[in-house]
Structure formats: C-alpha cells, structure tokens
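Protein chains: 2
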Amino acid sequence: MRAYLDCFPCFLQQALRAARIATRDEEKIKRVLDAVGSLLKDIPLDSTPPLTGRLIYQKVSEITGNPDPYREIKKKSTERALALYPCLKSRVAASSDRLLMAIRMAIAGNVIDFGANWDFDLNADIDDILEKDFAIGDYDAFKDRLAAARDIVYLGDNAGECVFDRILIEELGRPVTYAVRDAPIINDATKEDAMQAGIADVATLVSSGTDAPGTILETCRADFLQTYRRADLVISKGQGNYEALSPADGPVFFMLKVKCPVIGDHLGVAEGGIVLQAAEGL
Amino acid sequence: MRAYLDCFPCFLQQALRAARIATRDEEKIKRVLDAVGSLLKDIPLDSTPPLTGRLIYQKVSEITGNPDPYREIKKKSTERALALYPCLKSRVAASSDRLLMAIRMAIAGNVIDFGANWDFDLNADIDDILEKDFAIGDYDAFKDRLAAARDIVYLGDNAGECVFDRILIEELGRPVTYAVRDAPIINDATKEDAMQAGIADVATLVSSGTDAPGTILETCRADFLQTYRRADLVISKGQGNYEALSPADGPVFFMLKVKCPVIGDHLGVAEGGIVLQAAEGL
Chain A
41 MRAYLDCFPC
51 FLQQALRAAR
61 IATRDEEKIK
71 RVLDAVGSLL
81 KDIPLDSTPP
91 LTGRLIYQKV
101 SEITGNPDPY
111 REIKKKSTER
121 ALALYPCLKS
131 RVAASSDRLL
141 MAIRMAIAGN
151 VIDFGANWDF
161 DLNADIDDIL
171 EKDFAIGDYD
181 AFKDRLAAAR
191 DIVYLGDNAG
201 ECVFDRILIE
211 ELGRPVTYAV
221 RDAPIINDAT
231 KEDAMQAGIA
241 DVATLVSSGT
251 DAPGTILETC
261 RADFLQTYRR
271 ADLVISKGQG
281 NYEALSPADG
291 PVFFMLKVKC
301 PVIGDHLGVA
311 EGGIVLQAAE
321 GL
Chain B
41 MRAYLDCFPC
51 FLQQALRAAR
61 IATRDEEKIK
71 RVLDAVGSLL
81 KDIPLDSTPP
91 LTGRLIYQKV
101 SEITGNPDPY
111 REIKKKSTER
121 ALALYPCLKS
131 RVAASSDRLL
141 MAIRMAIAGN
151 VIDFGANWDF
161 DLNADIDDIL
171 EKDFAIGDYD
181 AFKDRLAAAR
191 DIVYLGDNAG
201 ECVFDRILIE
211 ELGRPVTYAV
221 RDAPIINDAT
231 KEDAMQAGIA
241 DVATLVSSGT
251 DAPGTILETC
261 RADFLQTYRR
271 ADLVISKGQG
281 NYEALSPADG
291 PVFFMLKVKC
301 PVIGDHLGVA
311 EGGIVLQAAE
321 GL
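For the record, the sequence lines run as chains A and B. Just so you know, our numbering puts 300 at position 260 of the first sequence, and the rest follows in order with no gaps. Just so you know, our numbering puts 159 at position 119 of the second sequence, and the rest follows in order with no gaps.
The hints are simulated quantities; they were obtained by calculation from the structure and are not laboratory data. Owing to the predicted nature of the structure, the values given are computational and were not obtained by experimental measurement. Glycine included, C-beta positions come from ideal geometry on N, C-alpha and C. Treat each hint with caution, since some may be false.
[What the hints assert, rightly or not] When the alpha-carbon atoms are kept at most 27 Å apart in a straight line, the in silico BS3-like pairs for lysine-lysine are as follows:
1) A:Lys81 to B:Lys81
2) B:Lys299 to B:Lys172
3) B:Lys81 to B:Lys299
4) B:Lys183 to B:Lys172
5) B:Lys115 to B:Lys299
6) A:Lys172 to A:Lys299
7) A:Lys81 to B:Lys68
8) B:Lys116 to B:Lys231
9) A:Lys68 to B:Lys81
10) B:Lys115 to B:Lys68
11) B:Lys299 to A:Lys299
12) A:Lys172 to A:Lys183
[What the hints assert, rightly or not] Distance ranges between label pairs, derived from CB positions:
13) B:Lys81 to A:Leu85: 20 to 26 Å
14) A:Ala262 to B:Leu45: 40 to 46 Å
15) B:Leu45 to A:Glu232: 28 to 34 Å
16) B:Lys81 to A:Ala262: 34 to 40 Å
17) A:Pro215 to B:Glu67: 43 to 49 Å
18) B:Ile113 to A:Leu85: 22 to 28 Å
Generate coordinates for the entire structure from the input sequences, incorporating the hints supplied.
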C-alpha cells in the first residue's frame with residue numbers, strides 16, 4: 041500500500057510517541073522531530089508506510105541512544121496476554137465454530153498495538169471483536185484454502201499479539217512457519233517476544249529478516265523468501281504487514297483490526313472494523 | 041506561550057488541512073508537507089506557535105499559488121453568523137446579566153475556527169457555551185476593569201467570530217478599537233471580514249499590522265502598538281492571540297474556548313472549557 045498525505049503528520053506523531061518512550065530528555069525528543077520532519081521530503085507518496093516507519097524508528101534509536109524503547113512494554117504485553125490465554129482457549133473450546141472463533145481471537149490480539157494506538161482496554165476490545173460482524177469476511181475462501189494447505193506461513197505483528205496467534209495456530213492443524221521481525225522495531229514481535237508467547241511450541245519460528253514494522257519483501261532474507269514463496273497459505277497479521285504486502289499476488293489472507301482512518305479508506309471499512317481479506321484472485 | 045512538543049505534528053496537520061483547501065493537486069500538497077517538515081528544525085521550542093503558523097501558511101500560499109485559501113470559507117462563516125445575529129441579540133436582551141451573556145456569546149463565536157478544528161456544529165456549540173460554567177472565570181475583575189476603562193482595545197480572532205464580538209462591543213458602552221490581522225492568514229479576520237461583520241459601525245477598525253495568526257507584538261505596526269500600550273483594557277480573543285500574548289504584562293483579559301489539548305494543559309483546563317482569564321497581577 042502506498043503512503044497517503046494523511047500519513048505524513050502521523051509519521052511525526054509516531055516519532056514523538058516513540059521518542060517519549062525512549063527518553064525524557066525534551067531536547068533529544070525535539071531533535072527526533074527535527075530529523076523526522078527533514079526526512080519527509082525524501083519519502084515519495086508511492087513508498088509503503090512501514091518503509092518510513094523503519095526510517096523513523098532508526099532516527100529515534102540513533103538520537104535517543106535507546107535501541108529498543110518498547111522492550112519493557114512488549115514484555116508486559118506478552119505477560120498480560122499469557123494471563124488471558126487459558127480463558128481464551130476455553131472460549132474457543134466452547135464455540136460452535138472453533139476455527140472462526142480462533143480467527144476472531146487472532147484479530148482481537150491485534151488491538152495490542154502501541155505503535156498505532158496508545159490507549160486501549162484489552163478485555164473490552166476482545167469482547168467487542170468476538171461479537172462483531174466482519175467488515176470484510178472471506179472466511180469461506182480461507183477455509184477452502186486451509187483444507188488444501190500443506191505449507192502455511194504466518195506473519196506475526198506485535199508482541200503480546202503472538203499469544204493470540206498461538207491460539208489460531210493450534211486450531212489450524214497444519215505445520216506453520218511463524219515469521220517475526222529481525223530486530224526491535226516499535227512493539228513488533230521479535231524472536232524473543234514470540235518465544236515468550238510460546239510460539240516455538242506450536243510453529244517453526246523464523247526471522248523474516250526485515251527490520252521494518254511490516255513484511256516488506258525487498259527487505260527480507262533469501263531463505264525466508266523461499267519459504268514465503270513456497271507457502272500455499274500466508275496469514276498476514278495487522279496493519280503493518282497489510283501496508284507492506286497489499287496488493288499481494290500470492291495466497292495471502294490479511295487479518296487485522298482497522299486502527300487508522302487511512303487504512304480504513306483504503307479498504308473501504310470504518311475505523312474499528314475487523315477484516316479477514318483474501319488477496320485478489322483467491 | 042511557548043511551543044510544546046505536541047505542537048510539531050499538529051503544525052504538519054495544519055499545513056495539510058490548509059494546503060487541501062488551497063489546492064486539489066496532490067503533488068503540490070506533498071511539497072507543502074515536505075517544506076513544512078523541513079522547517080521544523082528551525083523552530084525552537086521557545087517560539088510562540090503563531091510565529092510558526094505564519095511560516096506554515098506562507099509556505100502554503102507560496103507552493104499552491106493561492107494567497108488566501110480560506111477566502112470563501114471566511115465569507116460564508118460571516119454570513120452564517122450574521123444570520124444568527126438577531127436571535128443572539130434578543131438572547132442578550134432577555135438575560136438577567138447582559139454583559140456576562142455577551143461575553144459568553146463572544147466566546148461562543150470562537151468555535152468558528154477552521155484553523156484548529158474542522159468540524160463543528162455552530163448552534164449546538166453556542167447552546168453549550170451559553171450554559172456551561174467557566175473553567176476560568178475572572179468576571180468580577182473584568183467588570184471592575186471595564187467600569188474604569190476609557191480606551192479599550194479588542195483583538196479579533198477569526199472571521200465570522202467578529203459578528204459575536206460585535207454583540208459584546210455593543211454591551212461594553214465604551215469606545216473600542218478593534219484590531220484585525222493585516223493580511224489573510226488561515227481564517228483569521230482581516231479588515232474586509234470585520235467590515236462584512238459590521239464591526240466598523242460599533243468600533244474603530246484597525247489593522248494590528250501582523251500577518252501571523254495571533255497578535256505577536258514584535259510583528260505589529262508602531263501606531264497599533266501605541267494604541268495597545270495606551271489601552272486600559274485589552275480583550276484578547278481566541279487561542280492564537282492567547283499563544284501570542286500570554287504571559288501578558290498589560291491589562292489583558294483572554295477570552296477563548298480551549299480547542300487543543302496543549303493549550304488545555306498549559307491553562308490547566310479540559311478541552312472544550314471556556315475561559316475568561318485576567319492577565320497576572322490584574
């Protein structure tokens with residue numbers, strides 16, 4: 041997905057938020073804003089937002105001297121999600137359509153996003169998502185694709201959310217390769233976060249090689265790309281991966297909660313909407 | 041008032057909004073964002089926001105080739121306010137405290153602000169403001185100062201709002217000099233807008249000389265400064281004038297509705313709060 045004009049003020053807003061988490065030094069935070077402001081002119085409208093996200097967070101790390109500002113937040117998000125795990129599992133078990141409920145869970149986990157939205161009430165958000173209609177719901181196509189799938193690639197998004205992904209993986213009944221970011225970027229899951237969430241117990245855990253907040257294929261490792269190209273089903277979680285991959289030409293299903301008006305307009309869905317979208321041609 | 045870190049993403053947001061009003065050419069709008077992003081590094085935290093507002097709107101005009109993007113919007117705001125005038129007048133006439141009601145009216149007129157807030161429901165906002173408690177209400181001090189005042193300077197804010205200011209001026213019962221911006225800047229009132237609102241019938245209409253969206257004294261004309269310094273009561277309307285003048289050392293009363301969280305924090309007032317604040321020492 042390309043960047044829209046509305047993304048540019050938001051880039052600065054994201055820089056401010058991350059810089060504040062990285063440091064309390066107002067002078068350094070101002071320098072982050074200056075640097076990010078100055079780099080906007082080098083970002084064409086046809087570049088994907090996660091590519092810019094990467095540049096922004098590089099500036100934040102460089103100027104504040106903090107390479108992983110969200111370290112503690114990520115750890116706590118995962119702990120919080122793990123505490124919910126038994127309850128979420130029993131809700132899946134009690135459901136008449138376990139797979140659909142697990143998909144809803146995985147999307148509910150996508151509310152844990154300190155990059156896009158700072159305030160959220162986890163329990164209320166989960167209850168809301170488990171009940172509400174899909175704004176885009178290609179569930180039948182997903183079930184068909186899953187029935188025939190042998191190699192599934194699952195693109196993780198945020199730390200904490202991994203716990204919810206684990207619930208869906210446990211319902212898929214197929215071998216899954218779970219890919220995370222190669223280096224800390226915002227609150228996105230790295231191997232360390234996915235391990236904490238127990239992903240390694242249910243899937244093959246790999247790094248996609250990217251250090252962007254979205255799976256931009258051009259920035260991924262060759263061995264991951266091989267796995268990705270071979271997959272007959274790709275589950276792409278969250279806005280960052282959507283921005284990086286859409287329009288996708290492979291067997292990709294996007295699962296996300298719409299948390300920004302630009303993505304909402306792009307998808308034709310209201311903010312807050314939940315989406316299970318098959319890539320075109322599936 | 042100094043700029044805060046949160047002002048910087050907002051500067052870019054304001055640039056985007058104004059550029060969209062000035063042109064539909066996406067490429068030009070992107071160039072405005074690039075230019076405004078690049079100038080952030082030259083804006084120190086101790087500069088007042090209207091000084092930056094001036095730079096932003098200069099870029100908008102320069103790049104889009106539109107020197108007065110809000111021309112039509114301003115004209116319509118004034119027409120809309122003029123249509124309400126008879127009704128507002130009769131509400132003042134029916135009030136047990138005409139002066140207080142007229143002050144509330146003047147503050148209600150401050151909701152007409154396309155610079156800070158795009159969407160507003162004028163009638164609902166007016167009703168709300170006419171009823172609600174002042175977050176800061178130095179009404180007694182204002183009355184005392186008014187009783188002894190001979191030269192009143194009234195600093196106008198937005199077009200449209202002038203009609204509401206006229207209602208207050210008509211209740212003051214003293215000679216008033218009404219000052220507006222020297223050149224078009226956002227939707228701020230210029231002489232043309234104040235004329236349309238009928239200000240010239242009730243006050244001496246002058247230009248302050250500034251082309252910033254706030255009365256920054258350093259940018260004002262010498263003859264206006266003389267009038268300003270001589271005044272024994274200054275009524276300062278709106279956020280822009282507050283940002284430009286606070287902390288004021290003269291006999292200034294600020295009247296505004298708080299429309300941004302930064303000013304709210306600075307004043308210790310929630311967003312949406314209405315303020316009649318005497319400058320310190322009054």
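Hint check results:
1. This hinted pair checks out: Lys81 (chain A) and Lys81 (chain B) have alpha carbons roughly 14 Å apart, not beyond 27 Å.
2. A threshold of 27 Å between alpha carbons decides the hint, and for Lys299 (chain B) with Lys172 (chain B) the separation of about 15 Å falls inside it, so the pair holds.
3. Note on Lys81 (chain B) and Lys299 (chain B): the hinted pairing holds, with a Cα-Cα distance of about 26 Å set against a maximum of 27 Å.
4. The suggested pairing of Lys183 (chain B) with Lys172 (chain B) holds, with an alpha-carbon distance near 20 Å, which does not exceed 27 Å.
5. Proximity of Lys115 (chain B) to Lys299 (chain B) is assessed by CA-CA distance (about 22 Å); at most 27 Å being required, the pair is judged to hold.
6. A threshold of 27 Å between alpha carbons decides the hint, and for Lys172 (chain A) with Lys299 (chain A) the separation of about 15 Å falls inside it, so the pair holds.
7. Distance restraint check for Lys81 (chain A) and Lys68 (chain B): the Cα-Cα separation of roughly 12 Å lies within the 27 Å cut-off, and the hinted pair is therefore satisfied.
8. For the hint pairing Lys116 (chain B) with Lys231 (chain B), the CA-to-CA distance comes to about 16 Å; that is within 27 Å, so the pair holds.
9. At roughly 12 Å between alpha-carbon atoms, Lys68 (chain A) and Lys81 (chain B) fall within 27 Å of each other, so this suggested pair holds.
10. Distance restraint check for Lys115 (chain B) and Lys68 (chain B): the Cα-Cα separation of roughly 25 Å lies within the 27 Å cut-off, and the hinted pair is therefore satisfied.
11. The straight-line distance between the Cα atoms of Lys299 (chain B) and Lys299 (chain A) is roughly 24 Å, inside the 27 Å bound, and the hint therefore holds.
12. For the hint linking Lys172 (chain A) to Lys183 (chain A), the alpha-carbon distance of about 20 Å falls within 27 Å, and the restraint holds.
13. At about 22 Å, the CB distance of Lys81 (chain B) to Leu85 (chain A) agrees with the hint of 20 to 26 Å.
14. One distance hint, 40 to 46 Å for the beta-carbon pair Ala262 (chain A) and Leu45 (chain B), holds here, with the actual separation near 41 Å.
15. At roughly 30 Å, the beta carbons of Leu45 (chain B) and Glu232 (chain A) sit within the given window of 28 to 34 Å.
16. Remark: the range hint 34 to 40 Å for Lys81 (chain B) to Ala262 (chain A) is upheld by a beta-carbon distance near 39 Å.
17. Roughly 48 Å separates the CB atoms of Pro215 (chain A) and Glu67 (chain B), a value that falls within the hinted 43 to 49 Å.
18. For Ile113 (chain B) paired with Leu85 (chain A), a C-beta distance near 26 Å keeps the hint of 22 to 28 Å intact.
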